[in-house]
Each structure stands twice: as C-alpha cells, then as structure tokens.
Amino acid sequence: PGGLLPAGHARNTSPGRRPGGILTRLRMASIFQTMVPTGYSKLQEERLVMADLGTKSEAGSLQNGYRQETSHLEGRRILDRASRSSITLSDCGDGGYSETEPMLTERRLSGEETSNKQEEDQVEGQGSHVLNMPKESLLAMTLQMLVPFLLAGFGTVSAGMVLDIVQHWEAFQFITEIFILVPALLGLKGNLEMTLASRLSTAVNVGKMDSPIEKWNLIIGNLALKQVQATVVGFLAAVAAVVLGWIPEGKFQMSHAVLLCSSSVATAFIASLLQGIIMVGVIVGSKKTGINPDNVATPIAASFGDLITLAILAWISQGLYKCLDSYPYVSSLVCAFFMCLTPLWIVISSKHPASRTLLYSGWEPVITAMVISSIGGLILDKTVSDPNLAGIVVYTPVISGIGGNLVAIQSSRISTHLHFHCVPGEVPDEAKGCYYPCRTFCGTGANHRSAQVLLLLLIPGHLIFLYTIHLMKSGHTTLTPIFMSVYLAAALLQVLLLLCIADWMVHSMWRSGKDPDSFSIPYLTALGDLLGTGLLAISFHFLWLIGDQDSDVGD
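Using the working numbering, you'd call the opening residue of the sequence shown number 74 and step up by one each time.
Derived by calculation from the structure, the hints in this document are not laboratory data. Take these hints with a grain of salt, some might be off.
SDA-like cross-link-like pairs, simulated, lysine to any residue; straight-line CA separation at most 25 Å [said to hold, decoys possible]:
id, residue 1, residue 2
1, Lys-395, Ser-328
2, Lys-324, Lys-424
3, Lys-288, Lys-395
4, Lys-546, Phe-556
5, Lys-361, Leu-417
6, Lys-424, Phe-556
7, Lys-361, Ile-350
8, Lys-288, Lys-424
9, Lys-455, Trp-242
10, Lys-455, Ile-350
All of these numbers come straight from a predicted model, not from anything done at the bench.
Sequences and hints are given; from them, build the entire structure.
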C-alpha cells in the first residue's frame, strides 16, 4: 500500500482494499467458473430468474384474493424446465420412474409433492397448472387433420395400385408367401414410424425438444433403436411367413425361405431408415410452424410409408428371384449384411438414455403386432389365391392404412393429454370404471371432439380414394352402388371398433404404468390391418354370393 502503480492505473484509496487481492479473487472466480458446466450455470440462472419472478409476484399478490398469474406461471415453468434438465440416470433407479419415462425423462411428483401441488393449485385458482395444453378450435383441428389424412390416403391408394401391378410379377406368382409379408412390413409404420412420431410429438408438446442437445439425443437414440427393431421384426416376419405358408400346404423350400428373409430384412431396414429421417423432419418442422404434431405426424408417417415399403419389397424380391438360379448365394449375403449391422445400432442406441430402456423392454408390442399383421397377411394370401376375389388386392392397403392412420391420431392425442394432466397410474375421472362405447364419442372434451372429427372424415375420404382408383383405371373392380355401400360399411365398422379399442387400451396402459406412445400404436395399427383385411375379404365374399360378380368384382 502506498507504493507506485503502473501508468494508467489509479490508486485504490478505499480502506481495507488491496488491488492485488481483488485481482486474485477475480482470477480465482474466473477459474472456478470455467470448471462449472455450462448447463449447470444456465440452470442456476433460470432458477435465479424464477426466484426473482416469484418475489415480484409475491409483492403484488393477494389482489382480489389471487396472485398475479403471468409472472408466477412463468416462474413455475422455468422451475419445471430446470428440474427436468437436472435429472440424471441415477434418478431412474429409485423407483420413482415407470415405463412412461424412457423417452420423456420428465420428473414426476411423489404422492406428498402431488398433494402439496394440488393444494397450491387450489389456492392459485383455475388455469395455473405447470403445463397447459394449447387450446385448439374445432376448425383448426379439422384442417390440421384433413390435409395429412388426404396425403396419407393417396399414399395408401398408390400402394394399392402398386400391389395390384406387382401381384402379376414372377416373384409374387411363384412365392406366394410374399403376400403374407405385405401386411407385416406395411405394419412397420405402425410398429415403428407411428410410434416414433407419437413419442416425438409428445416430447415437443411437453417441451422436451426445446434444448438442441436434448433434441438430438432423443432423435439419434430413437432412430438407432428403430433400426434395431426394424431388422429384428423384418427377420421374424419372414419366419412367420414361412411357417404360415408351410402349415396349410405342407411344402417348404429352403431357397424360397432364404429369399423371403433377405427381402424382408432389407426392405424393413431401408424403408425404416428413409421414413425415420422424413419423420424427424416433419416433427421439427411442425414445431417451428406452430402446428400440433399429434395431428399431422402420424398420418404423414404413413403417407408415403406404404408406397415406399411396398415398392422396395417388390423390387428386392423380384431382383433376388431372378438371381435365384444363377447366383443362389446372393440372397444369403444380403440377409447377412443387414443382420451384421444390428450390433452397431445396438451400441448407438444403448449410449442414449432415451432409448436404452426401450431397447430391452419395447419388444413385446412390436413382435405381437407383427404376428397379428401376419395373420392378416395369411387372409390376404388365401383371398388372392381365389381368382374370383383377386380384386381385393388394390383395396387392402387403402382400408388397412386409413384405419391405422385415424386410430394412430386418436391414440397420440389421448397419450399427450395423459402426459399433460395425469401421473402414471392415474386416469381422468371420466376414464374410470367399466368401459362403454359412448364414452369415446359422446362428450365435449378435446378427445371426444377429435373422435367425432375422425369419423366425419372417414366416409368422404374413402369416397375420394375409391374414385381416384376408378379414374386411374387400376385394379379389377368398377364402382357399383352395392359395392360402394358394402365397402363403406366395412370401413366404418373397422374405424368404430378401432377408436373404441384405442380409448380403452391407452387408458388401461397408462393405468398400468406403461407409455401408450410406445405400446398402444403397434397393437392398434396391427388390429387395423387384421380388421381391414378380414372385413374386406368378408365383403368380397358377400358380394360374390349375392350375385355382384361380373366384371366389377374379382375379374
């Protein structure tokens, strides 16, 4: 103190102050700050902002008996986002998590915290929840559903026309078990693509994709998991096709079995990768444009899914069939190549917490749905084998795809509603007790209105798709009034059953602690394939029996 200072510096005359001490403390603080992770610093800043907002709201509280809602809610949202961002993997093993958590690691309140929170909400008044679902008008909901619904419908129409053409190819003529593969592989959009779309839609709606790091962790983990599931399901679908084709006929050819496995695995892998990339783009784009991804993601997941999958299956099957005599080892090499990539995807998906749990626990719905879809494929195989009923081919992807698309929208919306308003194991009051069909359609809630809108879209949509097929001169069927009446009755019955099953299934899974985004859609789309194919086969048999059997049915 009192010494000379370098030029340009002023003497610190404050008592008890030492310039050297200040510089030392500043250096130490700077060094310490560099040791703190950026995410933690950001988290602390958010908590300080929350505290400041809370203080301001308390200062102006109790006006007319309630707090100033805007600042208080903003503070609650920041605290909720901060608490969710600070979660670690060690938290997952404390028993406070269920199967609803793997993809959305959102912190759930314990029983005591829940009761305290409910008491706070009662004091604060209505509308002060931690998360509030964005309100949708009936017109906005209808318009958001209509465009993707029509787009998905034209995709299924295109798939039906492609299937009507390729059924005459050599591979489909001599290896009829490929028809058993068709519903199972087309059902991958329900097993994988729509499940991915539903999970990411829920993630967007609850704010889990606001952080770029968290967003890409979810995306990469989900895509890697989906490739593992696609490869395994493709292989199992081929095994199911071989078994279901062998049981009624008692014939088995190893070369045909290897070709089925190669075609199925390669198709599942390539189609799943392409559709997954498209789906991520749709989800991110919906978030940026302010569109509810629950309304658009699942239909767009299926819009070109059927067409892409069926085109890849037909191309690979026909190519491998042509190589069967000259290069019989090609089928084995193709199958081995895609199977050898599976460990790579397992390693990638296991490194992301978002997909690690589902890598072990998410197989039950996917495999069960594949078996259900394969039964629908067996029905299609036997129906196509009857020359009088060959006209069913062009309509099978349409009725199955449309039913699956509509029920996937409803399932995704119900799941998002439960993620917003309920903790796992608890369901809303209207969902308690025994199920009855009127519960799905009668009411003024958002899910009731969406079910009503989906039913209203069904008949006009199918009429558009039927006339599109007619104008394209595809298939072996012309439109007669009786054919249209029977077809529309089958489609309406299918969707009515699917919407009722979806309402019951999603709430039941949530009550049991399972994530409906991961577990319900595979079952529902597989049931859509089975019901659609079965009801369509019954309709064609009925039309044949009552005499509607000239050039319009099965010619």
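Original post:
Hint by hint, which ones does the structure fall short of?
Top reply: 2, 3, 5, 6 and 10
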